[in-house]
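Asks: Residue-level listing of the chains:
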Amino acid sequence: GESVGLHLPTLSVQEGDNSIINCAYSNSASDYFIWYKQESGKGPQFIIDIRSNMDKRQGQRVTVLLNKTVKHLSLQIAATQPGDSAVYFCAELSGGSYIPTFGRGTSLIVHP
Amino acid sequence: DVKVTQSSRYLVKRTGEKVFLECVQDMDHENMFWYRQDPGLGLRLIYFSYDVKMKEKGDIPEGYSVSREKKERFSLILESASTNQTSMYLCASSSSGTSDYGYTFGSGTRLTVV
Chain A
1 GESVGLHLPT LSVQEGDNSI INCAYSNSAS DYFIWYKQES GKGPQFIIDI
51 RSNMDKRQGQ RVTVLLNKTV KHLSLQIAAT QPGDSAVYFC AELSGGSYIP
101 TFGRGTSLIV HP
Chain B
113 DVKVTQSSRY LVKRTGEKVF LECVQDMDHE NMFWYRQDPG LGLRLIYFSY
163 DVKMKEKGDI PEGYSVSREK KERFSLILES ASTNQTSMYL CASSSSGTSD
213 YGYTFGSGTR LTVV
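One line per chain: the protein sequences are A and B, in this order.
For the first sequence, our numbering assigns the number 1 to the initial residue and increments by one for each residue that follows.
For the second sequence, our numbering assigns the number 113 to the initial residue and increments by one for each residue that follows.
Isolated chain A (complex conformation) (with noise of 0.2 Å):
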């Protein structure tokens, strides 16, 4: 079937580099953020989540930077490999609403 990645922004970089992954939000009310990352034919996996509360929040070789006065996140990857190709995408969450917005994704292409 076709892949989850035609169609996106595409993001291309050599292995070892640094690669940072963007997402505009839409929700000023929104106090949660969460950034997957999917491979081709699989689920969307959980990478890390920020709280409005952080600004900054840092997992293994993952970065999460959320600045809420222009509503924007940003996902860090150091020293990206080539089992990091994938489509990454955020999805934000406001208090008392179940259902996330997620956004559209960026495929991440990294070249050995």
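Keep in mind that the hints were calculated from the coordinates and are not lab data.
It is possible that part of the hints are untrue.
[As the list claims (entries may be wrong)] Subject to a maximum C-alpha distance of 27 Å in a straight line, what follows is the list of computed DSS-like cross-link-like pairs (lysine-lysine):
#, chain 1, residue 1, chain 2, residue 2
1, A, Lys56, B, Lys125
2, B, Lys125, A, Lys42
3, B, Lys125, B, Lys167
Please arrange chain B on chain A, whose structure you already have, making use of the hints.
Replies: Below, chain B alone, put in the same frame as chain A:
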């Protein structure tokens, strides 16, 4: 470590068949969701449930129904499958708690209707 399980990775069904997609979560989550994902259209919400025996329509409920008889299980039913329902179907669950939502997806079911 699998927390949201979808019963099938791939399914091929004939037009007009009744199709059941099953999803089970072991995180004691209150909320469960069914999405379909198509290239260029992103994730689209079909139905969701915030409690046993409760269901709410999402953005594209036409041609689908759901069942939630137990907290851990949420089934998506295609009453009469059509070729335009060929898609990747994703189940998700989340908590209603305030610490984090734990929004977790299953591995997906690729359904082809011929």
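Asks: For every hint, state whether the structure bears it out.
Replies: Against the structure, the hints come out as follows:
For the proposed pair Lys56 of chain A and Lys125 of chain B, the alpha carbon gap of about 46 Å is over 27 Å, so the pair is violated. In summary, the hint linking Lys125 of chain B to Lys42 of chain A is supported, as the alpha carbons are separated by about 20 Å, within the 27 Å threshold. At roughly 25 Å between alpha-carbon atoms, Lys125 of chain B and Lys167 of chain B fall within 27 Å of each other, so this suggested pair holds.
Hint compliance for this structure: hint 1 alone is broken.
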